[in-house]
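Protein chains: 2
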Amino acid sequence: MKKVLNFSAGPSKIPTEVLKIAQEQLLDFNDSGISIMTGSHRAKMFEDVHNETIELIKELYKVPDNYKVLFIQGGASMQFAMLPMNLKQSGMVEFVDTGVWSSKAIKEAKIQGLDVNIIASSEESGYDCIPSKMIFSEDCDYGYITSNNTIYGTQYKVYPKCKNLVVDASSDVFSYPIDWKNIGLLFAGAQKNAGLAGVTIVIIREDLLDIAGDDVPSMLKYKNYAKSNSMFNTPPVFSIYLLNLTMKWLRDQGGVEQIQVQNKQKAKILYDVIDSSEGFYVGHSQKDSRSLMNVSFTIRGGYDELQKKFLSKAEEKGMIGLKGHRLLGGIRASIYNAITIEEVQTLANFMEEFKQENFNKKTYEVLNVKCGGCANTLKKTLKEDFGEVEVDLEAMPRKITLDMTDDRMEELKEKLRSLGYPLTTDELSGFDKLSTTAKSFVSCAIGKMSDEE
Amino acid sequence: MKKVLNFSAGPSKIPTEVLKIAQEQLLDFNDSGISIMTGSHRAKMFEDVHNETIELIKELYKVPDNYKVLFIQGGASMQFAMLPMNLKQSGMVEFVDTGVWSSKAIKEAKIQGLDVNIIASSEESGYDCIPSKMIFSEDCDYGYITSNNTIYGTQYKVYPKCKNLVVDASSDVFSYPIDWKNIGLLFAGAQKNAGLAGVTIVIIREDLLDIAGDDVPSMLKYKNYAKSNSMFNTPPVFSIYLLNLTMKWLRDQGGVEQIQVQNKQKAKILYDVIDSSEGFYVGHSQKDSRSLMNVSFTIRGGYDELQKKFLSKAEEKGMIGLKGHRLLGGIRASIYNAITIEEVQTLANFMEEFKQENFNKKTYEVLNVKCGGCANTLKKTLKEDFGEVEVDLEAMPRKITLDMTDDRMEELKEKLRSLGYPLTTDELSGFDKLSTTAKSFVSCAIGKMSDEE
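Chains B and Y, in that order, are what the protein sequence lines are.
FYI, in this note's numbering the residues of the first sequence are 12 to 464.
FYI, in this note's numbering the residues of the second sequence are 12 to 464.
Think of the hints as simulated: they come from the structure by calculation, not from any bench.
Heads up, some of the hints might be wrong.
Pairs involving identical chains hold if they fit within one copy or between any two copies, as the list cannot separate such chains.
To be verified - List time: in silico SDA-like cross-link candidates among lysine to any residue, alpha-carbon distance up to 25 Å: (1) Lys118 / Met96; (2) Lys118 / Asp226; (3) Lys320 / Arg53; (4) Lys373 / Lys390; (5) Lys390 / Ile146; (6) Lys13 / Val227.
If you're wondering where the values come from, they're calculated on a predicted model, not measured in any experiment.
Please take these sequences and the hints and turn them into a complete structure.
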């Protein structure tokens with residue numbers, strides 16, 4: 012069997028110990044002679060697994076007695092729809108927008124005609140952080156956050172206060188202890204930290220069960236799940252069974268508290284590589300918002316070609332699932348609970364090696380870039396296609412530093428030429444389309460670079 | 012490993028061949044080095060399985076090109092809620108009520124405020140048949156049927172005509188060929204004939220996708236599943252994989268046409284045992300409505316004690332899942348596609364043996380039961396607790412025939428005594444509470460029985 016390190020964002024790695032038990036029991040669960048998949052969900056065999064799973068969650072996650080643990084199908088996206096149906100009272104709800112997943116939840120609340128206020132958003136900075144100021148109103152029906160943002164690699168360190176806080180913890184459930192005092196409802200699809208896709212864990216404070224009216228469809232009403240112990244109809248039996256095994260595995264790891272310690276160690280290994288890479292790797296999220304679950308980064312100056320090379324070399328070494336989300340591009344290492352420190356270290360070592368092999372940082376002097384504004388325009392012009400540029404504002408002439416492979420330098424020149432940017436002072440005639448400022452530094456910068464070559 | 016024959020109504024047997032492949036591939040799908048459960052649903056590995064499954068369904072079920080095959084979570088109960096949301100136009104919908112599952116679908120349409128007409132029902136006869144006359148209106152948004160009724164063991168032989176016929180085929184999907192000309196939407200939870208709980212197959216005619224308005228939540232809108240190829244969010248990957256394997260297994264069996272032949276053979280074996288049992292076994296459904304999937308029956312005169320004995324003896328022989336639904340009691344053998352003819356034959360042999368061992372049919376003469384009305388009152392009085400009684404209305408004195416074990420006869424006498432029914436003519440003094448008619452036949456009947464002992 013091929014050795015594979017699976018850094019997929021979800022569905023994602025399930026502990027090997029868990030899969031081995033599932034494999035062993037697949038045709039014969041506990042000497043019953045049948046598979047857990049094929050017994051009635053109302054028979055003792057499955058009911059025991061079901062109830063034990065709920066107890067394990069309560070125990071490991073320290074869920075207080077006035078909360079119910081429910082199992083629902085449809086993933087987080089179904090919760091986006093169920094929340095407004097079940098929790099609306101005045102109809103005014105508040106959200107923190109930290110990216111795609113909160114935006115989807117916002118959209119669904121609007122579809123149902125709720126009065127939606129976005130009290131904080133990091134959209135402007137490309138969702139690279141958790142907003143610093145988040146104050147929910149006293150009178151909102153609920154306040155909504157996405158505790159970890161898989162795409163951007165951001166994560167709350169502390170949850171904001173809200174009477175009925177709703178937390179989408181799909182990507183960091185069971186990865187740190189929860190302060191339940193502040194929580195109205197927390198939900199999470201299982202496929203990242205809790206096993207197999209197909210079941211969503213909803214942990215709800217009991218008083219919220221009584222809000223939904225008679226017009227809410229039965230299968231979309233939390234109360235019906237609570238009343239029937241999540242057996243309103245046939246539950247997703249195998250996903251619940253995998254959840255059961257995953258919770259036992261988590262217990263064996265020392266529980267949520269101990270897994271948090273490991274998660275911090277794992278994330279530190281990767282962020283240290285990024286931070287000490289002299290800008291070769293650039294993390295997407297701001298440092299104080301960094302996720303312990305998803306490490307999203309780009310390769311500086313490393314345009315798609317270099318990132319593709321990274322992914323392809325990684326795959327050769329058995330590391331898969333590292334491609335960044337299509338909305339953000341770049342690289343993403345998802346290091347959920349099931350990923351071991353050794354696996355993360357293997358990735359970190361590879362990142363170091365890859366940097367050594369592909370780092371090609373050079374410094375050029377740039378004439379005529381006199382003010383900081385000019386320097387910033389240059390940075391922006393180049394960043395769009397060619398990644399980060401450092402500009403030394405102390406030196407005169409300015410020094411720009413790029414990490415660029417040699418073939419990429421040709422591409423840069425080609426691009427500038429196609430845009431009407433001359434590569435030597437002889438080509439200045441094409442410059443009439445540019446502003447005076449742009450003319451001055453581009454001509455100088457590129458002229459100088461051409462000289463250096 | 013214990014040898015078990017699993018007659019569970021759902022979740023139910025999955026073909027052993029399917030489970031063996033799943034077991035073998037559990038940690039390493041097609042030499043990928045990872046489990047199918049743990050790869051991204053957007054990666055080629057899973058997408059291939061997903062798309063192949065849709066193609067297999069289209070091929071095996073001969074789904075025309077103007078239908079879409081969707082995979083949705085939440086089981087049939089979620090469809091009960093999605094149908095009104097997605098298909099309502101005028102708001103008038105029509106149902107045939109054949110028991111619990113259609114009743115639930117009706118309830119959900121009402122919750123959403125639709126104008127619900129029940130055009131036919133078999134409620135009055137205890138849902139023991141499919142109504143014979145079913146005419147849907149031209150102008151209903153859709154007409155709804157439950158093609159097979161697991162609890163009562165009834166099944167449609169032909170679907171009624173309707174412009175937009177909706178079929179809940181949860182318990183007989185893929186068990187016979189479908190005439191698609193008449194179908195608007197057909198849906199089925201996977202856990203009976205199609206593998207593992209957690210995915211519902213929805214096959215919808217394309218024109219119905221455009222009815223739903225902007226107020227329908229995204230995860231509850233068929234169109235979003237159609238547009239995203241059922242990948243609006245993470246699908247239930249392992250349930251789809253099991254569905255894939257089950258479809259391949261079905262193909263290997265010769266497809267839907269050949270499985271129908273087998274299903275008919277299987278059902279005939281059990282119904283023949285019932286019909287030739289001299290009334291020891293009594294099928295619940297009327298003969299022309301008999302289900303090929305669920306054979307529901309009671310043991311005549313076989314009160315709970317005898318049925319429990321049947322279930323317990325069956326379990327000793329490794330036959331499980333035979334307990335009837337709590338609403339109906341008795342015995343139910345679910346013989347879905349995956350159940351083999353040999354397994355059914357084993358059950359039939361056991362039923363024959365059990366009958367031989369427990370059949371204790373005796374005939375008593377009853378004095379003074381002159382009219383048919385008296386005989387019927389006696390039948391009803393005894394039936395409530397002691398099962399069926401045959402009364403020979405040709406003979407005089409009347410002859411009653413009961414199938415009753417000896418210890419049960421003591422119980423009968425005790426019961427009658429406690430009700431003030433005398434067991435001999437000496438005890439007639441207690442009779443003043445009874446009507447004259449009751450007095451006359453009970454005293455005589457029981458007097459005669461006592462004599463026979």
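Against the structure, the hints come out as follows:
no.: 1; hint: Lys118 / Met96; verdict: both (14 Å within a copy, 18 Å between copies)
no.: 2; hint: Lys118 / Asp226; verdict: both (21 Å within a copy, 11 Å between copies)
no.: 3; hint: Lys320 / Arg53; verdict: between (52 Å within a copy, 20 Å between copies)
no.: 4; hint: Lys373 / Lys390; verdict: within (15 Å within a copy, 101 Å between copies)
no.: 5; hint: Lys390 / Ile146; verdict: neither (36 Å within a copy, 74 Å between copies)
no.: 6; hint: Lys13 / Val227; verdict: neither (49 Å within a copy, 45 Å between copies)
In terms of the numbered hints stated before, the structure departs from hints 5 and 6, listed from lowest to highest.
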